[in-house]
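Asker: Hey, can you work out the whole structure from these sequences and the hints?
Quick note on numbering: UniProt numbering labels position 494 of the sequence shown as 494, and the sequence is numbered without any gaps.
Misleading hints may appear alongside valid ones.
Okay, derived cross-link-like pairs now, SDA-like style, lysine to any residue, Cα gap no bigger than 25 Å in a straight line [as the list claims (entries may be wrong)]:
hint, residue 1, residue 2
1, K195, L284
2, K241, A270
3, K517, A552
4, K139, G390
5, K372, E299
6, K202, E299
7, K168, H220
8, K241, H332
9, K491, T558
Quick caveat, the hints were computed from the structure, so don't treat them as lab data.
On a predicted model such as this, the values are computed, not experimentally measured, just so you know.
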Amino acid sequence: MSEQAPYLPRYSHPKDIDDFVVQLERFERGEIGADAFRVFRLQRGVYGQRQDGVQMIRVKIPFGLLGVPQLDALADVAERYGHDLGHVTTRQNVQFHFVQMKDVEPAMRRLDEAGLTTREACGNTARTVTGCEVAEVCKTAPFDVSPYAEALTRYFLRHPLSGGLPRKFKSAFSGCASDCAMTQINDLGFIATVKDGEPGFKVVAAGGLSTSPQAAITLHEFVRPTEIARIGEAILRLFNKLGNRENKHRARLKYVLRKLGEEKFRETYAQIRAEVDAEATAELKLPAAPGRVPAPPVEPPAERPSGFLAWRANAVVDQKQDGFAAVYVRLHLGELTAKSMRGLARILERYGDGSLRATIDQNVLLSWIHQKSLPALYQELSALGLTRSGVHSARDVVSCPGAESCSLAVTSSRALGAAIGERLEKDDVRELSAMRDTTIKISGCPNSCGQHHVADLGFHGGAKSFGGTTVPVYQLHLGGGVDENGARFGKQVIKIIARRVPDAVVLLMKLFETDHKEGERPRQFFQRVDPKRVTFALASLAGPPGADSNEAVDIGETAGFVLETKDGECAA
Numbered sequence: 001m002s003e004q005a006p007y008l009p010r011y012s013h014p015k016d017i018d019d020f021v022v023q024l025e026r027f028e029r030g031e032i033g034a035d036a037f038r039v040f041r042l043q044r045g046v047y048g049q050r051q052d053g054v055q056m057i058r059v060k061i062p063f064g065l066l067g068v069p070q071l072d073a074l075a076d077v078a079e080r081y082g083h084d085l086g087h088v089t090t091r092q093n094v095q096f097h098f099v100q101m102k103d104v105e106p107a108m109r110r111l112d113e114a115g116l117t118t119r120e121a122c123g124n125t126a127r128t129v130t131g132c133e134v135a136e137v138c139k140t141a142p143f144d145v146s147p148y149a150e151a152l153t154r155y156f157l158r159h160p161l162s163g164g165l166p167r168k169f170k171s172a173f174s175g176c177a178s179d180c181a182m183t184q185i186n187d188l189g190f191i192a193t194v195k196d197g198e199p200g201f202k203v204v205a206a207g208g209l210s211t212s213p214q215a216a217i218t219l220h221e222f223v224r225p226t227e228i229a230r231i232g233e234a235i236l237r238l239f240n241k242l243g244n245r246e247n248k249h250r251a252r253l254k255y256v257l258r259k260l261g262e263e264k265f266r267e268t269y270a271q272i273r274a275e276v277d278a279e280a281t282a283e284l285k286l287p288a289a290p291g292r293v294p295a296p297p298v299e300p301p302a303e304r305p306s307g308f309l310a311w312r313a314n315a316v317v318d319q320k321q322d323g324f325a326a327v328y329v330r331l332h333l334g335e336l337t338a339k340s341m342r343g344l345a346r347i348l349e350r351y352g353d354g355s356l357r358a359t360i361d362q363n364v365l366l367s368w369i370h371q372k373s374l375p376a377l378y379q380e381l382s383a384l385g386l387t388r389s390g391v392h393s394a395r396d397v398v399s400c401p402g403a404e405s406c407s408l409a410v411t412s413s414r415a416l417g418a419a420i421g422e423r424l425e426k427d428d429v430r431e432l433s434a435m436r437d438t439t440i441k442i443s444g445c446p447n448s449c450g451q452h453h454v455a456d457l458g459f460h461g462g463a464k465s466f467g468g469t470t471v472p473v474y475q476l477h478l479g480g481g482v483d484e485n486g487a488r489f490g491k492q493v494i495k496i497i498a499r500r501v502p503d504a505v506v507l508l509m510k511l512f513e514t515d516h517k518e519g520e521r522p523r524q525f526f527q528r529v530d531p532k533r534v535t536f537a538l539a540s541l542a543g544p545p546g547a548d549s550n551e552a553v554d555i556g557e558t559a560g561f562v563l564e565t566k567d568g569e570c571a572a
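Answerer: So this is what it looks like as structure tokens:
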């Protein structure tokens, strides 16, 4: 580890892996059934795929924080067991696909060496606590939420209720009112604020996406940080007591809110909170402040590298701390190769404070970079192929794994994401102003793992019959997002054949050019534009597939489209 690296939390425990091996052996001997073992392995972050005989392993990365040892461990797992690839998720985790069951234990052991755990990364558990990646360095954030996110992570991890809830439970911390961590779509959210000079949090609860999105309600306008664990305890108890254990499709906390109504939900929370306070069992223990010791400046190259200025304008954010910058690395659909992970680890030994953050839009952020070091850093990132332009632009597409590996997916969402990115690199689109800050998110089914509900342009996969031929399509969701005004969910406008979606995106970019008002940003435009106007603009793409085309075949596939889904393990 580099000398300047901050305190890097350790969340793993070897006993978790020992327990997994015991239960796997019991399953293989027939002592426990497939259903019981499935529930257990999901609690340990091991998720079945569409393909028989292979697993997805999800590594819990609270608020996205990774250092040199963690990156090296993730690179080893990718190289040895994960087809050389890791995937950054919309909850700042890292996933490995196509892992053989025999390789799960050694993968877990290698992760454990770096303090990483898969515990409660899947299943009906208290999932990874996410956090705004720039809270420490952002000029609008009143304070860094990371210590509080870590404290709640430690409180929830291995909590007696965390492993057997009615359904999954998600938490998030945002650094300011703009809500970059999207607390409004989480079961429990904390937004940093200050009241009378005292730091604290606005608290929201019972938000969620999937097929029936729900914006969170405000539980508290302001609480002191010492109350966080008691709030978390009370909400966990409420969910554990009242969550629907009979119907997994109506089991999230948002359905408890809908069943009780907001007034009764608040009353129930207050009653349980009073019990928690009386017991005085849920005290928040903040970790010691790590202290940031950035690496010394690195001398710039003799000549300014080609492309540096364009990269500097797009990928670099000046920190509120004078003389330092944060640098975004745009990943292709969240992909990180073993080589890239090792390369980033070596970079962290020379730049910044020895850590980086995975982000909820499937990128990574390096902070505490001396301004003087930026040209040299650009040169090293460029050698790794990690200086893609377009971070936070339309080309920076977010996507779930889709039918490539997920049993529930209808369409190949990642292939669509790649096709959109490729189409938006063409000359007729690159300079359109809507490209700069339009968000595009894709899910392979309606369940919103790609968060399509909260994008300017969101798409979820489906199927439609044309004259007896079943064709892959995407439903357009228009004008969603999360900001200081809360969550808004995109309007469902039109279904588009999968292979036509990249051209539909281009038409929507051009519609902004012709129809937006002066000073109006894409997010504002796509929120207000009349859906009928959008349908008219996309009329040339409506209708059945061409007789001589391959539009009845999903993007990235060569054979005809077959609507085939299996029972997913999201709520097993």
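Asker: Does each hint hold? Answer for all of them.
Answerer: So, going through the hints one by one against the coordinates:
A C-alpha spacing of about 20 Å is found between K195 and L284, which places the hinted pair at or below 25 Å, so the restraint holds. Under the criterion of a C-alpha separation no larger than 25 Å, the hint pairing K241 with A270 is consistent with the structure, at around 14 Å. Distance restraint check for K517 and A552: the Cα-Cα separation of roughly 38 Å exceeds the 25 Å cut-off, and the hinted pair is therefore not satisfied. Using a Cα cut-off of 25 Å, the hinted pair K139 and G390 holds, with the two alpha carbons roughly 22 Å apart.
At most 25 Å may separate the alpha-carbon atoms for a hinted pair to count; K372 and E299 meet this at roughly 7 Å. At most 25 Å may separate the alpha-carbon atoms for a hinted pair to count; K202 and E299 exceed this at roughly 43 Å. The suggested pairing of K168 with H220 holds, with an alpha-carbon distance near 23 Å, which does not exceed 25 Å. Pair hint K241 plus H332 does not hold up; C-alpha atoms about 41 Å apart against a cutoff of 25 Å.
About 32 Å separates the Cα atoms of K491 and T558, which puts this hinted pair outside 25 Å; it is violated.
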